[in-house]
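2 protein chains.
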Amino acid sequence: MENSGNHQDVIVPPVEGVAGGGTAYGWSETVARDPTLLKGTIDPTKVHSSELVHVWCMPSTANVGPQDMPRAFEPISLLAARNERESVQIAIRPKFSWAGSGIAGTVQVQCTDLCSTSGDRLVVGESLRMRRVVPVLGVPDALVPLEMPLTQLNLFPGETTAIWVSIDVPNAQPPGQYEGELIITATRDVAESTAQFLGKSERHQLYRELKNCLDVVEPIDGKSPDELVERVNSATSSLRRVLLSPPFSDLFSDNGLVDMMDEDAITNLSIRLKLNLTVWDFVLPATPSLPAVIGISDTVIEDRFGVEHGSSEWYEALDQHFKWLLEYKISPYFCRWGENMRVLTYTCPWPADHPKSDEYFSDPRLAAYAVPYSPVVSCGDTAKDYLQREVEILRTKNHWRKAYFYLWDEPLNIEHYEGIRNMAGDIHAYAPDARIMTTYYCGPSDSPLASNNFEAFLKVPEFLRPHTQIYCTSEWVIGNREDLAKDIIAEIQPENGEEWWTYVCMGPSDPHPNWHLGMRGTQHRAVMWRVWKEGGTGFLYWGANCYEKATAPSAEIRFRRGLPPGDGVLYYPGQVFSSSQEPVASLRLERLLSGLQDIEYFKLYASRFGRDESLHLLEKTGMYQGPERYTHEHMPIDVMRGTNLD
Amino acid sequence: MENSGNHQDVIVPPVEGVAGGGTAYGWSETVARDPTLLKGTIDPTKVHSSELVHVWCMPSTANVGPQDMPRAFEPISLLAARNERESVQIAIRPKFSWAGSGIAGTVQVQCTDLCSTSGDRLVVGESLRMRRVVPVLGVPDALVPLEMPLTQLNLFPGETTAIWVSIDVPNAQPPGQYEGELIITATRDVAESTAQFLGKSERHQLYRELKNCLDVVEPIDGKSPDELVERVNSATSSLRRVLLSPPFSDLFSDNGLVDMMDEDAITNLSIRLKLNLTVWDFVLPATPSLPAVIGISDTVIEDRFGVEHGSSEWYEALDQHFKWLLEYKISPYFCRWGENMRVLTYTCPWPADHPKSDEYFSDPRLAAYAVPYSPVVSCGDTAKDYLQREVEILRTKNHWRKAYFYLWDEPLNIEHYEGIRNMAGDIHAYAPDARIMTTYYCGPSDSPLASNNFEAFLKVPEFLRPHTQIYCTSEWVIGNREDLAKDIIAEIQPENGEEWWTYVCMGPSDPHPNWHLGMRGTQHRAVMWRVWKEGGTGFLYWGANCYEKATAPSAEIRFRRGLPPGDGVLYYPGQVFSSSQEPVASLRLERLLSGLQDIEYFKLYASRFGRDESLHLLEKTGMYQGPERYTHEHMPIDVMRGTNLD
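If you read the protein sequences in the order shown, they are chains F and W. The UniProt record's numbering puts the first residue of the first sequence at 1, with every later residue one more than the last. The UniProt record's numbering puts the first residue of the second sequence at 1, with every later residue one more than the last.
These are computed hints drawn from the structure, not numbers from a lab. One thing to keep in mind: the hints can contain errors.
Copies of one chain are not kept apart here, so a pair can be met inside one copy or by any two copies together.
Heads up, simulated DSBU-like pairs for lysine-lysine below, C-alpha to C-alpha not over 35 Å straight-line [what the hints assert, rightly or not]: (1) Lys211 - Lys223; (2) Lys39 - Lys549; (3) Lys356 - Lys39; (4) Lys46 - Lys549; (5) Lys323 - Lys274; (6) Lys323 - Lys39.
Just chain F, with the same shape it has in the complex:
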């Protein structure tokens, strides 16, 4: 109440708008090309769809919510490497309501193949996919697959609907200019079209009438010719009456039976959006340059999908999750929590001597894999025997360089650190070259390693050595002081195979990069930009499916109490949104993928001009300067990506 009670200085409120005939009325008048078509009942088959809906295009880093207002449509022009996914959003908002049944109207959205001038194609349904952006807690997040190449969408009055269009460029796709179309057509709504359908009671009546025709003539044997003729006459006249009855009447025009060619969804009243894609002559590496290891809670899978630990359905469920997540260029590990944040982590649920083990670990898309310290599924062996056998098999493999052990989540005191040391000792006894990863954000609280917390945190590698090779620290510790990364790196011994990785979880919070719901799109994507700038060589995220417990696949998704919304949840069970069992990605998972792809661009640039120049590029484009200074707009990302083409 900036004005209340201040009567010495009554401020004149702006009158604009209070005057019904004043400047505020009609400021953004919607002018129809032919207003008479929009009076009364609007027939979408008689009006150009652009009269009925706004359509505009938004970059993949935009969060397009129901309240987003229309913008001018700008042609879609994308750039992608081979083995890269690039995405863009199409926003649609009704200008009028034409459905008359609670929704504003229905639109058909159709997508064509993208074709190059030399005849190469990116095929709809394979390389091209459309997903509907569905809000979660009111924030655009879930990407629910749409049927391809043609889908119907209900639009709601005063609400913007967004479609996420993704193009996956295959490895072997010839570089070049590709062009396709998105075609949007306002249609009659579903309720109206069901009037063309025959319901149960009409079918019932039809059945009775036809059955009656049959009963009149049958049995034929034993009837005199005259009686037969009479009965056939009766039956045929009944049948003729049936054929002229309402269930069939709309099949006729003046020229007889109408043509049953499928009515083409595309008409000259459709909105046609050109989609241009440049595939450039660079192939993103099959194996991501930065291992991004991401946890999948097996407990959550067991509870929600009702699969018993170790059963064949359980293996199947885990297999489905593993394969689906691999598409996002991340390296999944399954995990379950024990006491004191001890974790059992494993990338492959099968033991090392199972054929699936090699299949998983040899997959070129997998950059790193977790080996369990003890049996995942009880197998009669002691933990030690099991560990020994697993390690002895795996260390002979070529993929062993991807292996790591993740034993404890964020040790907090001497007892926790001792736990890590003991387990690491067991592992190193069987494989001195095994990599142990430890996540932490502080030293042991009951035995301070230094006089202040940050110094104590810095001393953890010295304290844990040689029982940890991958020192994985929280970005939250660094806060906005990027220079501290140098202090951390100074403690790492890469010459002895040590690495510095980072992670985000609850923190850091806004405005720093993280994957919480409600953060900006560039903020989600910048998680990986930050990694590149700080110089970490790997990344960990604690959970991609860690929503609240539920015991049915289609149960409502709830985030866990005490966590920022979206934390630990990067995708959803498909059953919540449709009858499909395929998981539903979040926008945030797509932006994680984009960030990982950005790293390949940085790396390419660095390979040509050096790492320092790549950091200079980040700064010069305004894309990323620090955890509190990164672009809110999409443009600098396109500029960065285009730079590599020069």
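Using the hints provided, position chain W relative to the given structure of chain F.
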């Protein structure tokens, strides 16, 4: 970033929730009574609906949005006088998705009559209505009528849907206890049920097959008996095949043709909510005790509905709006703005000698009416002649005591004030007892009436007298200093027929009572509580339909630029939300009505115990103590209402 960069004092983040097996997992586990029914595809006809949806009840002052979380269901127990409307909200949120097609599921909502023990009824569809609460700009606001007594609603994953249930108690309703039910049943979704329908192409094929049967036997004449038998055999076997074909196959069970009784929407799997209403022995007065005059822009009606000023469709459109708004116990006036905030206001579009004039002005529900200063529709008369004739007719009528002239909206300088004086002089020449109303929030800026703004504002009555009888001031001027109301009242001369009215428009803003979108429900309702406490005898609101210009009835609603959302818009064109032409009320309009009804309760209490005691009651219940101190909860309202029963 409360923690960033402060490394002397790294705070341990709460670990709750980060641990997948820790306290955060499973804290609000959804336990199904029979979990096996919820695995895989859920059949809503086999599971109790309470397993599939949360249902709870919310008071009419709650803003129930899509993100609202379930609460325990408490029985609905309402109190209403006769000639009163009382409302309550039912919130529904899916626990699971069972539809498998983008929505979580469909529910049927059914409502029974309310019956008293002595057999009196409040009839569904007449006294009982259900409307769906639809968000506008993301805020629950529009109340879109639902079919009665049975309606279908689509629920969306992770979204709460609210139904606004209103009971209008007729004047003559016998007091007593009434009871009815709301019945909510999860059903198969529409897409699934259309599978039971026969589409165009199936009907086409069916038609061909039947036609073929006919062609085989016809013409009958001229066929030998043998040939006929052969052909009839062929036709009957075709017909038999048709009757066993998919279009009819679902009509059979093992026991032959299934019974075609309409499947009852209510099953023993339904959720049944008791709805109790006490109708008490008090009749709200037919004519509201507080005239609430509210502007309707005729310009907006003309543009949006495409009716030409003065045409028969125009009269019809205005008539529809007038009648609809009268139901809300407000006194509508139509208005159009002229230069310098001069306004032409009129409650009845027809001239005083037209039968409609008496019909409008004699309506007991109308508490006050605006008489236009000049012809609304050009009629050949000069403005003066017109005014003289109108006044001379109206002043002879019994309803003349309701008449007022509203000539200028918020005069700001001497020229404006002179304009009012001149017009008022003309009117008083013909009718010395005519009431002129003037809205204002300051004195003339170019000729200060006092040394400070508030003192100048206080002096306006002295300055305008005798050219204004109703001094209508902005609540914004008073701010949080209610005591200033006494200073204003001290300047008014009720003994000379003068009154003090108030208005809200852009201001006051939050936390003060007003009707902006996004304010609390009690904040909307408190607009009228404030009027009662301050002692004004009438209320004005500038616009109920003043949304942005559009030229088609179903065009998207946009609020005017420069105004707080919802300001000047209390209802919406029905065509935006459905095929109905009936306007769609906002929650805020319902709360305005509730506030006006509250005033009748205050008045009743004051008639028994005096006005001071009525103010004490407001304070004692915690309902309203001042523009910044009023209840956020509904309970005190029920307590106040119940007090009158003691």
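Against the structure, the hints come out as follows:
1. Lys211 - Lys223: both (19 Å within a copy, 25 Å between copies)
2. Lys39 - Lys549: between (51 Å within a copy, 15 Å between copies)
3. Lys356 - Lys39: between (64 Å within a copy, 28 Å between copies)
4. Lys46 - Lys549: Only across copies: Lys46 and Lys549 sit 24 Å apart there, 50 Å inside one copy, limit 35 Å.
5. Lys323 - Lys274: Classified as within: same-chain Cα gap 33 Å, cross-chain 50 Å, threshold 35 Å.
6. Lys323 - Lys39: between (53 Å within a copy, 23 Å between copies)
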